[in-house]
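Number of protein chains: 2
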Amino acid sequence: MRQNSDFSSEKHETFLPKLINASSDESADILYASGFHAPDEFLYFETADRKGIVVSPLEYSRACAEAKKGVEVIDRSDLMSQCGTERPFLPFFSKYLGVSKWCVPERFPLKTALELSREGIELVCAKSPFFPQRERKTAMEIAEIRKSVHATEEMMRCLHRMLSESKVNAQGYLELSGKIVTCDFLRAELEGNFKKMGYTASRTIIACGIQCAAPHNIGSGPVKAGEPVVADIFPRSDASGYWGDMTRTFLKGKAPKSVMRAYNAVKKASETAMSMIRAGVIAADVHIAAAETMAELGFQTGRGRDGMPCGFIHGLGHGVGLEIHEGPRVSPLNRKPLQSGNVISVEPGLYYPEWGGIRLEDLVVVTKDGYRNFNTMEKELEIP
Amino acid sequence: MRQNSDFSSEKHETFLPKLINASSDESADILYASGFHAPDEFLYFETADRKGIVVSPLEYSRACAEAKKGVEVIDRSDLMSQCGTERPFLPFFSKYLGVSKWCVPERFPLKTALELSREGIELVCAKSPFFPQRERKTAMEIAEIRKSVHATEEMMRCLHRMLSESKVNAQGYLELSGKIVTCDFLRAELEGNFKKMGYTASRTIIACGIQCAAPHNIGSGPVKAGEPVVADIFPRSDASGYWGDMTRTFLKGKAPKSVMRAYNAVKKASETAMSMIRAGVIAADVHIAAAETMAELGFQTGRGRDGMPCGFIHGLGHGVGLEIHEGPRVSPLNRKPLQSGNVISVEPGLYYPEWGGIRLEDLVVVTKDGYRNFNTMEKELEIP
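Sequence lines, in order, name chains A and B.
Residue 293 in numbering that gives the first Met the number 0 sits at position 294 of the first sequence, with consecutive numbering throughout.
Residue 119 in numbering that gives the first Met the number 0 sits at position 120 of the second sequence, with consecutive numbering throughout.
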């Protein structure tokens, strides 16, 4: 196995055959390249003149029907009769294809790598991403993401409706049809509805009050009036595999002034960021401008009295596609320019352990001159 | 990186520190060991005197609240200040812990393995499973799986009810509330209900007619009376991560004799298999007995007229736990004895391209003297 510490040298090499060994749940790359969804591990290969997948006989007929055009489907059992069950399959298969050196993804499984290297097959571990073209979405991909965002907005409006129809009881808790409204109930409603629409959403964030201070706290327990409710909804299409991702923050009743000020700062940061987005802008600069907007409005990022990070404690955004978090990252660490066809989230937020947090997230596609926003839903904190 | 072709030699070695680098979605092992659910990659380590996880600052407080007792939680950013962002984290962390040799799982990512080996940290790729104790469930795990199976049965009964309440129209198709019943509709109903119960089910198999001839065809289109409907339902608990798994085959109206004969053969094979299950029995022998039962009733396994495999074309069962397919396999290839605490599916099936297929699946826990069946639902083909 080649231990290549300077992957950039790959640029000067000729074409290297590619190999992935994973399930489509584990690897968005294998789904991207093959178009085939399978919960169990299968193989994808790409040589100078062939590309294809190797699947178990159980999956063969489905793979023939579902795999992308131009992707050959091979029944593994047809080759197993030549390979036998005693020796590992991949070294045999590499020799069968005449490949002595593969380019593999960063997460290629070590055991398989060792089996290959033991039989003299060289491996070059690709610099991420394995398919750089995944970061620039095709028209088909943009259409699929748009559908997922529309489904997401439909559920965000459903949540808004439930909060709107809730009454505030004497203790300040929300009630709907005589029952206390909890984060868990709201999550279950939305996730259940998504399933009926052909989407899977899990760990949907519906957090309230001080729970919102931790961006990944999914939330639990009863919702109170006057406290922020952060709803970060990210379903995946069961059919296409493309994700939607969207966040709104709501508050039933009248917002405390401090919360409203933070909300307006986050909204302003979103607008600042959006105004900069276009092909060629440095990703980090967009993040920094959003952070500065909030700082100028009095919301600094740093450590709170307890020493815990507070303020704008995460990156402004991330790519979305067949993975919920993929490239390009929009963070201070990414000094690369955005490219047209990038689909990125724009999600400034502010987090304070004293009262919770605010986050607002839209999904946009970067264009030559600017961007197109997949979202249409307004940004309003208070729900009467 | 040690290229160990004889992993059994590990038995004679002293304790090796363990390391996993994955998200809990990718690795049931990291969820098992840490108790922590996270969609993004984190680290689990186990040395002679410490075990813990290393998480991003975003996840730190949640990890402290949710990780298993005895699992130390480390904020990665606390160490990053010592490590810096220039060099890879894991070699630094290994030296920080004083570890020069790790045992890692088969799917350990190649890139990370190369980073470690480049700095002289040895890796031994464990023989699967990484945590052999995962195959023998604790009382807590058995209770969690039981809950998941109960939820599965509730939805199987819901499906039965929908088929029962359907009317057959003049063309022989099922209708419910005046609408044609499709596999897609039934799947969406069940998966939506699961979400509201705190379970995630995806790719639920509701296949009808000749679709049932391919065990992994999830099914689509309208359901006809007189044709088999295979329902293979496998939800995962959002809270615990444990799966349920269950299959029934139904048929609206009167079954053709050939289908009824196949159904009875599969049911008989299930009974034969169950009667053999106890700690100590060789897994393969249970499979073989089920296959022979069906063969004696006239259902041989082999190739059909078109050369495609038909009959009993998959293994009798598999372990179920934090993975939907895990050890022990109950197939002709597994000559090892079952152990008490194994939770396995028992799912004989028959598949014929001419008319479809039948599968019946229960989930059982193996005991010293026999087994306990988590399922209680009867096995009846026809729905009037």
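Among these hints, one or two may not hold up.
One copy or two, it doesn't matter: identical chains are merged, so the pair holds either way.
Stated by the list, open to error - Result set (DSS-like, lysine-lysine): computed pairs, CA atoms no more than 27 Å apart in a straight line:
1) Lys178 / Lys266
2) Lys178 / Lys166
3) Lys146 / Lys178
4) Lys266 / Lys50
5) Lys126 / Lys94
6) Lys100 / Lys267
7) Lys253 / Lys166
8) Lys223 / Lys335
9) Lys100 / Lys253
10) Lys195 / Lys178
11) Lys50 / Lys256
12) Lys126 / Lys100
13) Lys68 / Lys367
Just so you know, these hints were derived from the structure itself, not from any lab.
Source: prediction; values computed, not measured.
Hints, one by one, checked against the model:
1. Lys178 / Lys266: Classified as neither; 33 Å inside a copy, 45 Å across copies.
2. Lys178 / Lys166: within (10 Å within a copy, 36 Å between copies)
3. Lys146 / Lys178: Intra 33 Å, inter 25 Å, cutoff 27 Å: inter-copy only.
4. Lys266 / Lys50: Neither way: Lys266 and Lys50 sit 47 Å apart in one copy and 42 Å across, limit 27 Å.
5. Lys126 / Lys94: Both: 25 Å inside a copy, 25 Å across copies.
6. Lys100 / Lys267: Neither: 51 Å inside a copy, 51 Å across copies.
7. Lys253 / Lys166: Result: close within a single copy only, 14 Å intra versus 52 Å inter.
8. Lys223 / Lys335: Neither: 43 Å inside a chain and 56 Å across chains, both beyond 27 Å.
9. Lys100 / Lys253: Classified as neither; 64 Å inside a copy, 58 Å across copies.
10. Lys195 / Lys178: both (24 Å within a copy, 16 Å between copies)
11. Lys50 / Lys256: Cα proximity of Lys50 and Lys256: none, with 60 Å in one copy and 45 Å across.
12. Lys126 / Lys100: both (16 Å within a copy, 25 Å between copies)
13. Lys68 / Lys367: Cα proximity of Lys68 and Lys367: none, with 30 Å in one copy and 52 Å across.
Hint compliance for this structure: hints 1, 4, 6, 8, 9, 11, 13 are not met, and every other hint is.
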